[in-house]
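Student: Quick mapping for you: the protein sequence lines, in order, are chains A and B. Using the numbering used here, you'd call the opening residue of the first sequence number 1 and step up by one each time. Using the numbering used here, you'd call the opening residue of the second sequence number 1 and step up by one each time.
Everything hinted at is true.
Keeping only pairs whose Cα atoms sit at most 27 angstroms apart, straight-line, the calculated BS3-like set for lysine-lysine is:
1. A:Lys107 - B:Lys90
2. B:Lys323 - B:Lys155
3. B:Lys284 - A:Lys107
4. A:Lys163 - B:Lys284
Far from chain B by the CB rule (all over 10 angstroms, computed), these chain A residues:
5. Tyr16
6. Ala51
7. Arg64
8. Val119
9. Met120
10. Leu124
11. Ser128
12. Leu136
13. Arg141
14. Lys194
Note that these hints are calculated values from the structure, not bench results. Backbone N, C-alpha and C define an ideal beta-carbon position, used for all residues, glycine too.
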Amino acid sequence: MLLFAVLASPLGVLAYDVYREVLMPGTVFGADPGEEIVRYMGEWAIRLLMATLAVSPASRLFKRPQWVRFRRMFGLFAFAYAVLHFVGYLGMLAGFDFGAVVDDFAKRPYITVGIAALVMLVPLAATSTRGWQRRLRANWRRLHRLVYVIGVLACIHLWWLSKAGFGEAVLYTAILILLLGERTVRMRVRIAAKAR
Amino acid sequence: MHIRVRARSDPKPSEITPERVYRTRREFMALAASSVALGGLNALALTEDWLDARGFADGPVFKGQDPGEEITPFQYASSYNNFYEFGTDKGDPAQYAGELTVDPWSVEVTGEVAKPGRIAIEDLLAGVDLEERVYRLRCVEAWSMVIPWIGFPVKRLLDRFEPTDSAKYVEFTTLHRPEEMRGQRSFFSSIDWPYVEGLRLDEAYHPLAIFAVGMYGKVLPNQNGAPLRLVVPWKYGFKSIKSIVGIRLMRRQPRTTWNVMAPDEYGFYANVNPNVDHPRWSQKTERRLPSSFFSPNRIDTMMFNGYAEEVAPLYAGMNLRRKY
Ligand code: HEM
Numbered sequence: 001m002l003l004f005a006v007l008a009s010p011l012g013v014l015a016y017d018v019y020r021e022v023l024m025p026g027t028v029f030g031a032d033p034g035e036e037i038v039r040y041m042g043e044w045a046i047r048l049l050m051a052t053l054a055v056s057p058a059s060r061l062f063k064r065p066q067w068v069r070f071r072r073m074f075g076l077f078a079f080a081y082a083v084l085h086f087v088g089y090l091g092m093l094a095g096f097d098f099g100a101v102v103d104d105f106a107k108r109p110y111i112t113v114g115i116a117a118l119v120m121l122v123p124l125a126a127t128s129t130r131g132w133q134r135r136l137r138a139n140w141r142r143l144h145r146l147v148y149v150i151g152v153l154a155c156i157h158l159w160w161l162s163k164a165g166f167g168e169a170v171l172y173t174a175i176l177i178l179l180l181g182e183r184t185v186r187m188r189v190r191i192a193a194k195a196r
Numbered sequence: 001m002h003i004r005v006r007a008r009s010d011p012k013p014s015e016i017t018p019e020r021v022y023r024t025r026r027e028f029m030a031l032a033a034s035s036v037a038l039g040g041l042n043a044l045a046l047t048e049d050w051l052d053a054r055g056f057a058d059g060p061v062f063k064g065q066d067p068g069e070e071i072t073p074f075q076y077a078s079s080y081n082n083f084y085e086f087g088t089d090k091g092d093p094a095q096y097a098g099e100l101t102v103d104p105w106s107v108e109v110t111g112e113v114a115k116p117g118r119i120a121i122e123d124l125l126a127g128v129d130l131e132e133r134v135y136r137l138r139c140v141e142a143w144s145m146v147i148p149w150i151g152f153p154v155k156r157l158l159d160r161f162e163p164t165d166s167a168k169y170v171e172f173t174t175l176h177r178p179e180e181m182r183g184q185r186s187f188f189s190s191i192d193w194p195y196v197e198g199l200r201l202d203e204a205y206h207p208l209a210i211f212a213v214g215m216y217g218k219v220l221p222n223q224n225g226a227p228l229r230l231v232v233p234w235k236y237g238f239k240s241i242k243s244i245v246g247i248r249l250m251r252r253q254p255r256t257t258w259n260v261m262a263p264d265e266y267g268f269y270a271n272v273n274p275n276v277d278h279p280r281w282s283q284k285t286e287r288r289l290p291s292s293f294f295s296p297n298r299i300d301t302m303m304f305n306g307y308a309e310e311v312a313p314l315y316a317g318m319n320l321r322r323k324y
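The whole structure should be built from the sequences, with the hints applied where relevant.
Tutor: Take a look at the structure:
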């Protein structure tokens, strides 16, 4: 419950900002509120995506296996923010002009990978329950490895949309490399141990 | 006494937003005073008094272009800026441009000119008639504003240095001063400072191309390119280089910053053209700022940003798809 409140709090902050802006236009948001909101949601989507990927390594590092049950909440919030990011783009940037969206998808690579990442998140969110975990058994693990691909796509999205300031792209790519690197190393160690 | 010339690209009177009211200077001042403290309203060399002494005391002077569209409030035009010298976020320039010293300021003119030299901005502007030009500003990122500039034709300044017959292009350079421009110190920026832009000489000599020293009846805020910037309204905004310290007349096409960095994205010409797409943004439409939560305020982008009648002859016979 507490975790839910914490992860939902950026939405509360945004709602409050929007409320103040509607009361007194021009005081909270700048010339392009739509873009600000889309960016805000994108930022939270990638943060929570990285947090989701960090849950398992953190639980091992601190020897707290019970933490793994929080992973689902992080993942679902990452998905929720990604959906809001997309809806914000549709409404506040594309103005629900679906021709423009199709055009963007076809011609703008950073949009193409963004949408690919979002689409891949859908089955993961849908099968995130314990019931699906049981039903899919080993396939569940295989399916949820998609999250690594999504992480990579999200970073590519960030690289491709940056024009000259690559600070954020570097930051999240470094985090991703660290998180995926840790898993690779562990896998190698395990394989080596088996072989012995 | 200034006479307002209606340009051909102006919308017909019937197209003009009926409630469009041009705010008087006094209202602007009140607006500015009441809005958040904006970084870098500069003082000294180019003061408000200096502008007033040139006839800007009694409200704006209309002359030349006015698209007749609603003017973007000063608050937004001075807080939503691309000026990577101060950071890549739109709000960074307003926040950090106050760190820049714009007085003293001088400009060095070199290259294919009979009289090269460095000249202080006060001397550069001595005897120059300032006029107000209301222009659309269309950014390559597919947003746009309408801004009342105060300035004078580029030709007026260049002529003083007597370009030679071999001058075919003109290159402009922005100040490089990392101590005061934090974006230039950024480790993650891929820009090779200083920022450089350029025009063909006939483009620079076109009457619509101006140097601006002010906007909204006031001297330029630092984040908008104080104390001297270029405004070329029929090209994407990045061509309109800010805080100019160098002008060089050249025989060959200058190597301009974005064009060198990503030639497939940013052409040397960079004329506003809805028919030539950019790999990141569709150029068919634009968001006229300020937008709102409820609407991105999308409008169709016009060829040459609506200045086709005036500037199209510059490009007669050129393939604008290839020379984008
Ligand atoms: C898992 C999916 C996604 C993640 C993690 C993600 C993340 C991000 C991040 C971190 C930013 C940069 C924000 C900033 O610079 O402050 C961003 C920007 C952006 N994203 Fe996404 N994104 C995703 C999917 C999408 C989708 C599906 C679309 C649209 C079809 C999209 C469209 C955009 C746009 C247009 C921007 C730039 C906003 C602007 O500056 O105007 N993204 N995204």
